[in-house]
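Student: Those protein sequences? They're chains A and B, same order as listed.
Its first residue numbered 4, the first sequence is counted upward by one per residue in our numbering.
Its first residue numbered 4, the second sequence is counted upward by one per residue in our numbering.
Check before you lean on any hint, since a few could be wrong.
Which copy? The list can't say, so a pair holds if one copy fits it or any two copies do.
Said to hold, decoys possible - Capping the alpha-carbon separation at 20 Å, the derived lysine to any residue pairs in SDA-like fashion look like this:
(1) K43 to R100
(2) K159 to G17
(3) K143 to A132
(4) K176 to Q77
(5) K159 to H170
(6) K87 to D102
(7) K160 to E47
(8) K176 to D102
(9) K176 to I115
(10) K176 to I152
(11) K66 to G151
(12) K87 to H101
(13) K176 to A104
(14) K66 to D92
(15) K66 to E157
(16) K176 to E27
(17) K87 to L106
(18) K176 to T60
(19) K87 to Y32
(20) K159 to I148
(21) K143 to V197
(22) K66 to A85
(23) K160 to L147
(24) K66 to S19
(25) K43 to V76
(26) K159 to L38
(27) K43 to M138
(28) K66 to K160
(29) K176 to E112
(30) K159 to V76
Just so you know, these hints were derived from the structure itself, not from any lab.
Just so we're clear, the structure is a prediction, and the values are computed from it rather than from any experiment.
2 protein chains.
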Amino acid sequence: MATTIQLDAMRETGRSLLAEQVAERINQYILDHNLASGDKLPNEFELCEQLGVGRGTIREAEKILVARNILSVQRGRGTFVAEKTGEIDDPLGLSYRHDHAALARDLLEIRIQMEPWIASLAAQRADEADLERMMAQCMKVEELIRRGIDHLEEDKKFHQCIAECTHNAVVPKLIPIITFSVTLFGRLSRNSLVDETVRQHRRIAEAICAGNAEGARAAMLEHLYANKARIEAMKDEK
Amino acid sequence: MATTIQLDAMRETGRSLLAEQVAERINQYILDHNLASGDKLPNEFELCEQLGVGRGTIREAEKILVARNILSVQRGRGTFVAEKTGEIDDPLGLSYRHDHAALARDLLEIRIQMEPWIASLAAQRADEADLERMMAQCMKVEELIRRGIDHLEEDKKFHQCIAECTHNAVVPKLIPIITFSVTLFGRLSRNSLVDETVRQHRRIAEAICAGNAEGARAAMLEHLYANKARIEAMKDEK
Chain A
4 MATTIQLDAM RETGRSLLAE QVAERINQYI LDHNLASGDK LPNEFELCEQ
54 LGVGRGTIRE AEKILVARNI LSVQRGRGTF VAEKTGEIDD PLGLSYRHDH
104 AALARDLLEI RIQMEPWIAS LAAQRADEAD LERMMAQCMK VEELIRRGID
154 HLEEDKKFHQ CIAECTHNAV VPKLIPIITF SVTLFGRLSR NSLVDETVRQ
204 HRRIAEAICA GNAEGARAAM LEHLYANKAR IEAMKDEK
Chain B
4 MATTIQLDAM RETGRSLLAE QVAERINQYI LDHNLASGDK LPNEFELCEQ
54 LGVGRGTIRE AEKILVARNI LSVQRGRGTF VAEKTGEIDD PLGLSYRHDH
104 AALARDLLEI RIQMEPWIAS LAAQRADEAD LERMMAQCMK VEELIRRGID
154 HLEEDKKFHQ CIAECTHNAV VPKLIPIITF SVTLFGRLSR NSLVDETVRQ
204 HRRIAEAICA GNAEGARAAM LEHLYANKAR IEAMKDEK
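Working from the sequences, and respecting the hints, build out all of it.
Tutor: Given below as structure tokens:
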């Protein structure tokens with residue numbers, strides 16, 4: 004015989020399942036109506052009517068979609084399609100991996116394959132505005148290094164700027180994934196050999212600015228192999 | 004002067020912000036304690052005590068983490084770290100892109116860069132079990148094509164099987180992202196030229212089985228260029 008607590012739990016589960024289904028229908032509504040970032044959703048009353056569920060369920064469903072960065076609720080203004088719809092930090096769940104050394108090795112293998120190609124595309128496709136942003140980011144990293152401030156987040160953004168020069172809309176979105184281990188690895192290596200980083204970044208940036216695709220590819224490859232050598236040296240120290 | 008509705012909205016926003024903060028702290032708890040898929044979280048009462056918030060807030064926070072596939076609540080058993088922690092469908096929000104032709108072009112550019120390399124790694128690293136799974140998946144796709152059934156989801160899984168042969172844990176996670184447009188594109192092209200697909204898949208699979216890295220690379224490149232030619236032909240028809 005079910006206890007009160009079990010009945011409570013069953014009611015709770017039923018509500019959650021319904022909210023999940025309604026969230027899926029609101030999501031489908033966004034796709035079917037080609038809604039874009041910043042577009043307003045029908046208000047709660049209209050959604051209740053259209054989907055045939057109560058206001059509490061609509062709110063639960065909206066919370067699920069907010070958690071997935073699909074919707075954003077603005078106090079007193081309504082519910083909107085979120086900026087960078089559906090994009091979340093750490094989309095592959097890499098922070099939940101415990102084998103950091105293996106993860107760093109796997110990611111670096113992908114970076115060595117992807118980023119020299121990205122740099123060569125950047126050299127071929129960057130426009131003036133791209134180059135200005137990239138050079139500014141290159142300087143920003145150098146400045147942090149000179150002042151002895153942790154530069155790793157800005158370092159990732161430099162690689163992101165290069166990816167944006169490709170004018171391929173998906174490539175920059177892959178950078179936060181494949182550079183995920185940079186922060187971890189950089190901290191482990193105590194930001195040593197930063198002069199090397201400055202010199203390598205400069206070479207990459209200058210080749211891209213010169214429209215030198217093969218030079219950009221080679222400079223990026225050198226940079227990543229230097230990282231690889233550092234990781235392997237750290238492993239040997241253990 | 005704030006109306007009742009505005010006050011309601013403010014209270015609701017305050018609760019949501021608190022729930023988001025508590026969700027972040029529970030997430031940090033999972034990371035700090037190295038919890039893995041299937042591990043049980045402290046019960047609600049313990050979490051209330053540890054985090055100094057009420058049961059309602061804990062439940063709201065748990066719902067946020069369930070929506071992000073970080074937690075899974077099992078009726079009457081408790082709250083657990085979810086399978087494939089933090090991984091969600093369409094992690095880059097590609098379904099919210101409206102420019103399908105540009106998206107298909109960008110993704111294919113990445114596939115042409117990545118997948119021949121993946122096939123060559125697969126040929127070098129696959130073990131017996133990998134090869135068995137990949138060949139079974141290759142046969143499954145052929146069977147669907149022969150019977151005239153939509154094969155596109157299983158086709159993606161074939162590419163995923165190849166990625167698993169690399170023994171790089173991140174590579175297979177990238178496949179659903181870069182093959183995102185396959186379903187769309189395949190449906191547009193009305194599954195035409197499926198004989199070509201069968202022949203190309205076979206060649207890729209056989210090269211990998213033979214440990215022929217260059218052959219696998221070349222066969223995958225041929226397959227993707229054929230896809231590219233089809234997309235371009237479709238564009239010209241418009």
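Student: For the identical chains here, do K43 and V76 meet the 20 Å Cα criterion within one copy, between copies, both, or neither?
Tutor: within (10 Å within a copy, 32 Å between copies)
Student: Quick one: K87 to Y32, C-alpha cut-off 20 Å, is that within a copy, between copies, both, or neither?
Tutor: within (18 Å within a copy, 27 Å between copies)
Student: Is it within, between, both, or neither for K159 and L38, if the alpha carbons may be no more than 20 Å apart?
Tutor: neither (31 Å within a copy, 27 Å between copies)
Student: Measure nothing new, just compare the shortest in-copy and cross-copy C-alpha distances for K159 and V76 to 20 Å and report within, between, both or neither.
Tutor: neither (30 Å within a copy, 35 Å between copies)
Student: Can you give me the call for K160 and L147, within, between, both or neither, at a CA distance of at most 20 Å?
Tutor: within (13 Å within a copy, 44 Å between copies)
Student: One pair to classify: K160 and E47, alpha carbons no more than 20 Å apart. Within, between, both, or neither?
Tutor: Neither way: K160 and E47 sit 39 Å apart in one copy and 39 Å across, limit 20 Å.
Student: Could you place K159 and H170 in one of the four classes (within, between, both, neither) given a Cα distance threshold of 20 Å?
Tutor: Within one copy only: 18 Å inside a chain, 26 Å across chains, cut-off 20 Å.
Student: For K66 and E157, with the copy left unspecified, which applies at a CA distance of at most 20 Å: within, between, both, or neither?
Tutor: This pair counts as neither: shortest intra-copy Cα distance 32 Å, inter-copy 33 Å.
Student: Since the copies are identical, ignore which copy is meant and state whether K176 and D102 lie within 20 Å (CA to CA) inside a copy, between copies, both or neither.
Tutor: between (24 Å within a copy, 16 Å between copies)
Student: Is it within a copy, between copies, both, or neither that the alpha carbon of K159 lies no farther than 20 Å from that of G17?
Tutor: neither (43 Å within a copy, 33 Å between copies)
Student: Since the copies are identical, ignore which copy is meant and state whether K176 and Q77 lie within 20 Å (CA to CA) inside a copy, between copies, both or neither.
Tutor: neither (26 Å within a copy, 34 Å between copies)
Student: Could you place K66 and D92 in one of the four classes (within, between, both, neither) given a Cα distance threshold of 20 Å?
Tutor: Answer is both: 18 Å inside a copy and 18 Å across each meet the 20 Å cutoff.
Going down the numbered hints, you'll see the structure goes against 2, 4, 7, 10, 11, 15, 16, 18, 26, 27, 28, 30, while the others check out.
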